[in-house]
Amino acid sequence: MAELATIARPYANAAFDIAKQEGSLDHWSKMLMVVDATRQHETVQVLLDSPDMPSNAKAFRLAEICGEELDDRGKKFLQALADHDRLGLVGEIRAQFEALRAEEEKSLDVEVVSAYEMSDAQTQSLKSALSTKFDKDISIETSVDSTLIGGAVIRAGDVVIDGSVRGKLNKLAETLSL
Amino acid sequence: MQQLNPSEISEIIQNRIQGLDVKAEAQNEGTIVSVSDGIVRIHGLQDAQYGEMIEFDGGLYGMALNLERDSVGVVILGDYEDLTEGMTARCTGRILEVPVGPELLGRVVDSLGNPIDGKGPITASQTAPIEKVAPGVIARQSVDQPVQIGLKCVDAMVPIGRGQRELIIADRQIGKTAIAIDAIINQKRTGIKCIYVAIGQKMSTISNIVATLEEYGAMEYTTVVAASASDPAPMQFISAYSGCSMGEYFRDNGEDALIIYDDLTKQAWAYRQISLLLKRPPGREAYPGDVFYLHSRLLERAARVNAEYVENHTNGAVKGQTGSLTALPVIETQAGDISAFVPTNVISITDGQIFLETENFNSGLRPAMNPGTSVSRVGGSAQVPFMKKISGGIKLALAQYRELAAFSQFASDLDDATRRQLEHGERVTELMKQKQYSPMSVAEMGTVLFAANEGYLEDVEVNKVLDFEAALLSFMRSEYTDFMNDIDENGTYNDDVVATLKEGIEKFKATQTY
Numbered sequence: 001m002a003e004l005a006t007i008a009r010p011y012a013n014a015a016f017d018i019a020k021q022e023g024s025l026d027h028w029s030k031m032l033m034v035v036d037a038t039r040q041h042e043t044v045q046v047l048l049d050s051p052d053m054p055s056n057a058k059a060f061r062l063a064e065i066c067g068e069e070l071d072d073r074g075k076k077f078l079q080a081l082a083d084h085d086r087l088g089l090v091g092e093i094r095a096q097f098e099a100l101r102a103e104e105e106k107s108l109d110v111e112v113v114s115a116y117e118m119s120d121a122q123t124q125s126l127k128s129a130l131s132t133k134f135d136k137d138i139s140i141e142t143s144v145d146s147t148l149i150g151g152a153v154i155r156a157g158d159v160v161i162d163g164s165v166r167g168k169l170n171k172l173a174e175t176l177s178l
Numbered sequence: 001m002q003q004l005n006p007s008e009i010s011e012i013i014q015n016r017i018q019g020l021d022v023k024a025e026a027q028n029e030g031t032i033v034s035v036s037d038g039i040v041r042i043h044g045l046q047d048a049q050y051g052e053m054i055e056f057d058g059g060l061y062g063m064a065l066n067l068e069r070d071s072v073g074v075v076i077l078g079d080y081e082d083l084t085e086g087m088t089a090r091c092t093g094r095i096l097e098v099p100v101g102p103e104l105l106g107r108v109v110d111s112l113g114n115p116i117d118g119k120g121p122i123t124a125s126q127t128a129p130i131e132k133v134a135p136g137v138i139a140r141q142s143v144d145q146p147v148q149i150g151l152k153c154v155d156a157m158v159p160i161g162r163g164q165r166e167l168i169i170a171d172r173q174i175g176k177t178a179i180a181i182d183a184i185i186n187q188k189r190t191g192i193k194c195i196y197v198a199i200g201q202k203m204s205t206i207s208n209i210v211a212t213l214e215e216y217g218a219m220e221y222t223t224v225v226a227a228s229a230s231d232p233a234p235m236q237f238i239s240a241y242s243g244c245s246m247g248e249y250f251r252d253n254g255e256d257a258l259i260i261y262d263d264l265t266k267q268a269w270a271y272r273q274i275s276l277l278l279k280r281p282p283g284r285e286a287y288p289g290d291v292f293y294l295h296s297r298l299l300e301r302a303a304r305v306n307a308e309y310v311e312n313h314t315n316g317a318v319k320g321q322t323g324s325l326t327a328l329p330v331i332e333t334q335a336g337d338i339s340a341f342v343p344t345n346v347i348s349i350t351d352g353q354i355f356l357e358t359e360n361f362n363s364g365l366r367p368a369m370n371p372g373t374s375v376s377r378v379g380g381s382a383q384v385p386f387m388k389k390i391s392g393g394i395k396l397a398l399a400q401y402r403e404l405a406a407f408s409q410f411a412s413d414l415d416d417a418t419r420r421q422l423e424h425g426e427r428v429t430e431l432m433k434q435k436q437y438s439p440m441s442v443a444e445m446g447t448v449l450f451a452a453n454e455g456y457l458e459d460v461e462v463n464k465v466l467d468f469e470a471a472l473l474s475f476m477r478s479e480y481t482d483f484m485n486d487i488d489e490n491g492t493y494n495d496d497v498v499a500t501l502k503e504g505i506e507k508f509k510a511t512q513t514y
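Chains as they are written, first to last, in the working numbering: chain U, 1 to 178; chain F, 1 to 514.
Where hints are given, some of them may not hold.
Heads up, simulated EDC-like pairs for lysine to aspartate or glutamate below, C-alpha to C-alpha not over 16 Å straight-line [stated by the list, open to error]: (1) F:K395 - F:E454; (2) U:K127 - U:E141; (3) U:K171 - F:D57; (4) U:K168 - F:D21; (5) U:K168 - F:E25; (6) U:K171 - F:E25; (7) U:K20 - U:E98; (8) F:K279 - U:E3.
Derived Cβ-Cβ restraints for the label pairs, each shown as a range [unchecked claim]: (9) F:A24 - U:Q45: 36 to 44 Å; (10) F:A211 - U:N170: 36 to 44 Å; (11) U:D71 - F:S36: 40 to 48 Å.
What the hints contain is simulated information worked out from the structure, not anything from laboratory work.
For clarity, every value in this text was computed on a predicted model and none was experimentally measured.
A virtual CB, placed ideally from N, CA and C, is assigned to each residue, including glycine.
I would like the entire structure built from these sequences, with the hints used as guidance.
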């Protein structure tokens, strides 16, 4: 995973630079999403994994399946990947592309797991609090996990704010078992 | 075992609960992507610092050693069997620390300062990071006070000063640890605090050493840091630094401390293991590129610091006191090969070395020190005058003996002067033998060495030399008690001392009781 990230970085950077220059971040985002989704399809996967097909042909087929969603540049990008036998990296490239885009657009995806369903008002106040803290546009995705017992855990990229009762109990247990 | 006191326990629990901080703080979190032989790679942890403690689920800690673009390489300090891919790890923002202070004396601890002797928790109020920068030039003072090891051969020929680094180097099973343990036992009367760092040794050996130290009342002023062969490599690697921080506490508070790293070869092995697993490029003998720095930064922290440094460090609480940390690193060679990588490195870092030789050991000369290749580069200026004057003759006699030893088989064909030198050398060599766990005081060593210098041993048979020594010392102790005590205390050397010594030895020889 870590090594894949290193290999995928130049491709993601290249795609992002082109998209930024052309002002088509949205379009590229969509293209990468389509390719990634297609690639994950079972039949397509069999095709991509088959050893008796040259890489370039695989890229051609993949572009064909994606059809209209891919423009010329998208197809060329796939060919470039195929030239270096990196078609398998599309998922990682997409993740990095999205990260670069979020950085550029100052947006941040935050995942909030709470013990009980949060009201809209709560979500809104949390959103505004987080946007002051991180100085970014926050988009919140909420989910419920009753094993937290109470409170919530906020996850924004690497940063985790654990305000759950379970987390506090764990801390207490560690302190006492020292 | 101590009795458990119920009120004490609930008090501890109360304190811990009161000290518990349950505020929700933003933490940097990452995911384990691979686990292999005590090394985990973690994706995320953007804010990790070099050497930072990384916390895993279940109170397990690791140390971040490789900071790469997409991952952090962390060595696990403990059992890594429970870690799996996908588990989370958190930054703590703290560099690895160990407890320090006088509370650690008399205890056996692991590399993290946790007690492993079953004597209850350690209540040290202070902690110190395990990696610190050594005192600079301005803070230092030259070495001019001795550390008495209590062994005739060492104190006479390779004297060690407070703040010096003296290497003990030999093959396995020649008596390296024996010298170190004798050095600790002899500090009973000097007030020097001792730290014994056991790296990669058998637990049975370590427990024997602790039992020996307890038997001779040496545990009272000693801390044993144990990283046994079964401990993970990172624990063996950091144990030397942990022990050093515990010793530095005494140095920085104007006291004197002695630290023994037994042995640094195994520490280098542990570091090599970690480095190779972290995929750092191997160099000579598969050691990583920074194996010299591994030992140089450790041994540089053994130093004598001046009173000003101590005063600044203690905020004026301790005035006019210098502090010192003396290091006795131990290196094990393979088949006497001192030109291997790690031995040459450590020889070049230290201020001298004590060479022990298999040949000497097998011929019954114990301690098996080779007086020719053993040197002390700074200890001479730290010797007490009494020992300094007397030891000169011993060194010379042994050097001459070594030159002539090859001819000793033709003894009958040699001229008188040569024969006499040979015989004198034989006796002095015999006199260098000393039993384990029987350190001698300055006056005792000086008296017997003086007797040898002045030729009083000439008519003593070689195999009677040690009996002569024992009898002479008990005679001097009973007949010249004040004189001996005075030398032990002041170490003066003048005509009166010489006259008294001569008188005493002659009186003793007249009794013919050896």
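Would you mind confirming whether the straight-line C-alpha gap from K171 of chain U to D57 of chain F stays at or under 16 Å?
Satisfied, since the Cα-Cα distance of roughly 10 Å is no more than 16 Å.
Take a look at whether the Cβ-Cβ distance between D71 of chain U and S36 of chain F falls inside 40 to 48 Å.
Cβ of D71 of chain U to Cβ of S36 of chain F: about 43 Å, so the range 40 to 48 Å holds.
Verify the proposed pairing of K171 of chain U with E25 of chain F, using a straight-line Cα cut of 16 Å.
12 Å, holds
Check your understanding: Between K127 of chain U and E141 of chain U, does the CA-CA distance stay at or below 16 Å?
Key -> Since the Cα atoms of K127 of chain U and E141 of chain U sit roughly 10 Å apart, the hinted pair holds (cutoff 16 Å).
- Task: Compare the distance between the alpha carbons of K168 of chain U and E25 of chain F with 16 Å, and conclude whether the hinted pair is satisfied.
- Result: Measuring from Cα to Cα gives roughly 11 Å; hence the hint holds.
- Query: Cβ-Cβ distance between A211 of chain F and N170 of chain U: within 36 to 44 Å?
  - Reply: 40 Å, holds
Given the hint that K279 of chain F pairs with E3 of chain U, does the C-alpha gap stay at or below 16 Å? 13 Å, holds
**Prompt:** Straight-line Cα separation of K395 of chain F and E454 of chain F no greater than 16 Å?
**Reply:** With a Cα-Cα distance of about 14 Å, the restraint between K395 of chain F and E454 of chain F holds, given a limit of 16 Å.
Measure nothing beyond the straight line between the CA atoms of K20 of chain U and E98 of chain U; if it is 16 Å or shorter, mark the hint as holding. Status holds; Cα separation ~12 Å.
Note whether the CB distance of A24 of chain F and Q45 of chain U lies within 36 to 44 Å or breaks it. Given about 42 Å between the Cβ atoms, the range holds.
Exercise. Holds or violated: K168 of chain U with D21 of chain F, Cα cutoff 16 Å?
Worked result: 9 Å, holds
Checked against the numbered hints listed earlier, the structure breaks none of them; every hint is satisfied.
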